[in-house]
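Q: Okay, here's what each chain looks like letter by letter:
Number of protein chains: 4
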Amino acid sequence: MADRKLRMGLIGGGEGAFIGAVHRMAAELDGEIELVCGAFSSDPERSRRSGEHLYRLPAARCYPDYRTMFDSEATLDPSRRMDFVTVATPNHVHFDAVVLAIEAGFDVVCDKPLTHRLEDALTLADRVEQSDRLFCLTHNYTGYPMVREARSLVASGRLGRIRRVSCEYLQGWLASSEEASGNKQAEWRTDPGRAGAAGCFGDIGTHAQNLLEFVTGERIEAIAADLSTWVDGRALDDDGNVLLRLSGGGRGVLSASQIAVGEENALTLRIYGEQGGLEWHQMSPNTLRVKWPDRSVTLRRTGGPETSTEAVSATRLPAGHPEGYLEAFALLYRNFARALRARNDGRTPDLDFPGIAEGVRGMHFIDAVVKSANDGGRWLDLPGKRKTRTEER
Amino acid sequence: MADRKLRMGLIGGGEGAFIGAVHRMAAELDGEIELVCGAFSSDPERSRRSGEHLYRLPAARCYPDYRTMFDSEATLDPSRRMDFVTVATPNHVHFDAVVLAIEAGFDVVCDKPLTHRLEDALTLADRVEQSDRLFCLTHNYTGYPMVREARSLVASGRLGRIRRVSCEYLQGWLASSEEASGNKQAEWRTDPGRAGAAGCFGDIGTHAQNLLEFVTGERIEAIAADLSTWVDGRALDDDGNVLLRLSGGGRGVLSASQIAVGEENALTLRIYGEQGGLEWHQMSPNTLRVKWPDRSVTLRRTGGPETSTEAVSATRLPAGHPEGYLEAFALLYRNFARALRARNDGRTPDLDFPGIAEGVRGMHFIDAVVKSANDGGRWLDLPGKRKTRTEER
Amino acid sequence: MADRKLRMGLIGGGEGAFIGAVHRMAAELDGEIELVCGAFSSDPERSRRSGEHLYRLPAARCYPDYRTMFDSEATLDPSRRMDFVTVATPNHVHFDAVVLAIEAGFDVVCDKPLTHRLEDALTLADRVEQSDRLFCLTHNYTGYPMVREARSLVASGRLGRIRRVSCEYLQGWLASSEEASGNKQAEWRTDPGRAGAAGCFGDIGTHAQNLLEFVTGERIEAIAADLSTWVDGRALDDDGNVLLRLSGGGRGVLSASQIAVGEENALTLRIYGEQGGLEWHQMSPNTLRVKWPDRSVTLRRTGGPETSTEAVSATRLPAGHPEGYLEAFALLYRNFARALRARNDGRTPDLDFPGIAEGVRGMHFIDAVVKSANDGGRWLDLPGKRKTRTEER
Amino acid sequence: MADRKLRMGLIGGGEGAFIGAVHRMAAELDGEIELVCGAFSSDPERSRRSGEHLYRLPAARCYPDYRTMFDSEATLDPSRRMDFVTVATPNHVHFDAVVLAIEAGFDVVCDKPLTHRLEDALTLADRVEQSDRLFCLTHNYTGYPMVREARSLVASGRLGRIRRVSCEYLQGWLASSEEASGNKQAEWRTDPGRAGAAGCFGDIGTHAQNLLEFVTGERIEAIAADLSTWVDGRALDDDGNVLLRLSGGGRGVLSASQIAVGEENALTLRIYGEQGGLEWHQMSPNTLRVKWPDRSVTLRRTGGPETSTEAVSATRLPAGHPEGYLEAFALLYRNFARALRARNDGRTPDLDFPGIAEGVRGMHFIDAVVKSANDGGRWLDLPGKRKTRTEER
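Protein chains in written order, with my numbering: chain A, 1 to 393; chain B, 1 to 393; chain C, 1 to 393; chain D, 1 to 393.
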């Protein structure tokens, strides 16, 4: 029965976590996936309570830890067993959870950034690539219809060669020491042991890097970074600006901040080519401003006329019925589910979602940004297309 | 097990219907409801096909018609039986489907407008009120957090007595004869036999009327209407403007159009009181502009600071993570599910969703608008608080 | 010396008046006109003080009243004498001042509305038309480049026949009794003896009516009005909504308010034709949104590509250098000045500015709106193309 | 007669020049200045023709060159002689024209950047400072009311210490080789011999630098620059990004481009302090977005409530009557005129306009940006408060 829903397990997402509910809603939105089990917390009692109350799951499938989950699910009848697992924990847990999942034979969806250390990312990439499991990294902003439209427009060549880009991701929620006030989300994100080498640039800078590369279809080849830490006692960056060069020759700036007071989640992308430009704002995600040298600005819209097949396939509602963050996130799950079905059916899956290569690129980006910032803003090259060890052999 | 998901059946929503998928996604979004069966089309084969492919349901629960569905589901074990049914058909089917559902003991969610004839609406209201079933009418735009914020702000009295209102709902998709081109959505909406006495005003004018009354907490007491039909061969209005008076003494305009070329789904509400005003646009739903005589305009935001408890409880994501149409729609289902659970548990349900009274008011509004327009725009009173026959006794 | 500056006199515009300085700045902006004299107040001392300090004029040309000004200027050498006079007084003074000016041989620029009584307007129109003097009524909003672009776009037929229009003019500054607090601007505007039969609709409703007719090239043929007075003790309307029918068959709404708290000067025009639509906001005047059934919205811009000759000729700066209220106002003066030069040179003047006919139409509009509102919102016809007594003969 | 208009001469601004008309309109807007003479072109015949037709001046005061103008005007009766001169030529002419003007005893208004070589700027600063003449550099964007409001808000300390800034100035008009198509504006701006060491950064990057320093009240202390030239055959930069550090410790980015296709004149400033932030867009100049960590964004408006004395004094019209580019430009002239009157009257002038020190800072900025870009983006310090040679002694 090819059309049954795929069964998902969730690691993380216990009480107080924002992203767990997001994964559940996004995964289930298109009716292709259902959450069936989870290890929602490292505290077994909390895991069970979260599973029962937040996700309405039977206690038997609210596991005390992910190791137990993998073992127990593997023994279940295939008609009930989870198909894949989502890792939605702080960064330092990703590596171990993904490795074990793959070893236990489960496909994986994982939060970004890939790991908290570049070294782990490279190792993990090997493991993923040597397995036959599918891997999706939730760079969810690529799921917006108008981001797809932007990618399609660049790929069409109508903007010409890209000259100038800017990608900004500004938030203000860490302008004060939230981590000292018991905000769990703030705590781990500002802790090098859990977040990794970068704070703001690991958390949201990588989203900007990924979005920029996704839409342009180019790689960031070199960067010069300036990172700051504004809040007393904070160990990691909370703001920064990065000059960059693209593989196609374009130049630009990537900025990220979590101390930009009053900004909510202001991810913005602007691209200027030889013959046209575009502008997209995550907070008004259903509009793509398209610019021309000798014509009026036009507003392409989710569900609107003149949009590409790619955008249309990411659209669920008629124009003017706003689609938002969850809908964009859900596109990754939908595409992941379809790839799983194809693979399971012996067809070639269409890997139309961010994968391990994007994860490794993100880690290289973080690594380079931190190194450059520590070295007076020196320009550093990023590794090129051969991104993972497997590829490098 | 109070926490189990509630089971939903769906009438309508077969292939080619937009609103069926919306109901499914909205109902399931908060993890409180799952779609388990349906009569998706009056064509049995099409119903089965839709159920299996669109909703991944077993063939056994894809019924050939809703009568069969009610009968069959009633015989199922309570642990599997559907709890409530959603009626998402063209207007002329609502009456029969709702009446049968109630008689079969199912709670009901129903698309607006309530029926296609005022007479039916009054009868239906009696039936609903005489039963112990819960009834929700999907005036989904009331589910937006910033609409809740607006209602809360008006209720707080901070805007003072309301003087001026305007509510517009403009679309352009019927600017040409879509109904002659095989667009099923256009066909029934422009057919008096299926849509009722009004076209544009039945389809979207009632949304505007409901939104206006929801936010102000007042009733439209009198109207003077000017309706137009612009497309050749069309039997119902596709555009109109209505002058109005509110129960609190305020005045204003309500406009609706489906021939406003280039407009997608532009529902806008503006309210001006003695001491403050507000403005909300459905297409940018996460911002509420609040206006004062002697202070700067402020932008209240979904998930943002200074928002009311009511808005917060309708919010799922942090500020800046856009929530959209589906999320707003889902709020009605969430509140309906919670009321069902409360009722089932013997608690007093909080009926925080539009119900039969709102349905009857909408039908009175349609009736008055059409009558006034047919009578040269004469001012007509709408029935007051005593809205249904049951109440009138 | 054809290229000398034209010399302007000003009636009104003394200390405390907002509009006097506007006339001076607008008139002089394009370097074609210079203010040389005035009767700035009915208080001779105040007139002299205003002229010397606000306008840097010699005391000899700051006249105690306009009668004296006309007499004195007429005796001056033609190389110094004023060429035309601007009447920028409260409405009730317009009639007498304009009549005397014409009799004294001066061309006239006059604030809107034309007079404070329809009867006077008709008489005045006769006088103007029987003279050889040029007359400009300062419906200044028609001077914006994007309003010109809108007119040009409608005239091109690309939007098709006009179906739906809406024109709103919302302000909030009279939401409280400003007239009781010594605000002179509020005092005369709310005084029937000085303002005329309408308050809000005389002051700003006529601007909306004029703008609508200017851009569509059609006349408002019939109206049904609902006027309100919200502030205690106020004698004239401060808010209202008017249903309307256009000479081309289109329908719509015209709204005006001075009690819309928090609104500054929100004049908005939207037009929907069979094949396209447009939207313009006076507070963002350099953008014209153009809408199509099957293409993306485009943003035409002052100074931008694809704009009409008409818009270009009203534009002074490159795109992106905002032009505002004064620049729009100045266009009327520029066109008036050029018409004067043409007439003086014996050429046929291009009367590209609102004139006496527009003034009479505005008075008919005010008259009909007030009558309809007083008669329960009855539909009333407005006089057609033959607008003035002279024409009617 | 202290209240007479001040008399202005203009160098440059002949046929085909955009900025000459701007200076004339801006200077005369507030009724304090009148243009009386000029050397409008280096071609005597063209100068005369421009003066007569563009500015309606008598041929006798349309001089063949500025040297002649200074000599001739100096011989005129003081009641007719020009009071000050505006230098609105390509950059390479500034030095000589200003030096001669000062030597001839005239006060000076000069376009930015100050000169085309840093060396000249330092010399010129000496000359200006050693004279008793007043000098205004037309960094016109500082004249917007909401820029004044922003400065006032920062100065009030309510935003706290500044952490992050970004200032962008994006245009698209040089995306192709306009200079090869006979566009005079493009020709000199892309010619090192006339523009100086920088193209885009000299023309508009300095505006961004000045605006940033004006509003923050801080200096850019260090920069690391990345400049690009995208158009074949162009000798100077047409795009670039600059990392920066402010004297108060803040960091940020300054970007400028003239190849950002589709951008008109997009100058944008954003500032984030410890306790609040602000955002301003030149193309919507009458709104200042003010951001707070725990309150809604508020929109301060030109002419609106809650604005500072500083903003109010820069405002000419009631809120909602858009003021634009010319009005902002005019503020510099008004303040300059008032300073001249004060100085002439023996009072201490309020030098509330950009002066020679700002000019020198701009040249240091250009110099550092070009040097850093040529040296692989190395961080370079800018000279501090002691900006000119005179001060350095």
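No lab work stands behind these hints, which were simulated from the structure alone.
All C-beta atoms, glycine included, are put in the ideal place defined by N, C-alpha and C.
Hints are supplied without guarantee of correctness; some may be wrong.
[To be verified] Ranges between beta-carbon positions, derived for each pair:
(1) C:Arg161 with B:Ser181: 12 to 22 Å
(2) D:Glu221 with C:Arg158: 46 to 56 Å
(3) A:Asp65 with B:Glu306: 52 to 62 Å
(4) A:Asn374 with C:Thr309: 43 to 53 Å
(5) A:Arg67 with B:Arg194: 57 to 67 Å
(6) A:Ser79 with B:Ser156: 32 to 42 Å
(7) C:Gly233 with A:Asp232: 57 to 67 Å
(8) D:Gly384 with C:Lys184: 24 to 34 Å
Q: Indicate, hint by hint, whether the structure satisfies it.
A: Now for the hints, and whether the structure bears them out:
1. C:Arg161 with B:Ser181: 12 to 22 Å: holds, 21 Å
2. D:Glu221 with C:Arg158: 46 to 56 Å: Since the Cβ atoms of Glu221 of chain D and Arg158 of chain C sit about 55 Å apart, the hinted range of 46 to 56 Å holds.
3. A:Asp65 with B:Glu306: 52 to 62 Å: For Glu306 of chain B against Asp65 of chain A, whose Cβ atoms are near 41 Å apart, the range 52 to 62 Å is violated.
4. A:Asn374 with C:Thr309: 43 to 53 Å: violated, 59 Å
5. A:Arg67 with B:Arg194: 57 to 67 Å: holds, 58 Å
6. A:Ser79 with B:Ser156: 32 to 42 Å: At 54 Å between Cβs, range violated.
7. C:Gly233 with A:Asp232: 57 to 67 Å: This hint holds: roughly 59 Å between Cβ atoms.
8. D:Gly384 with C:Lys184: 24 to 34 Å: violated, 52 Å
In summary, the numbered hints that this structure violates are 3, 4, 6, 8.
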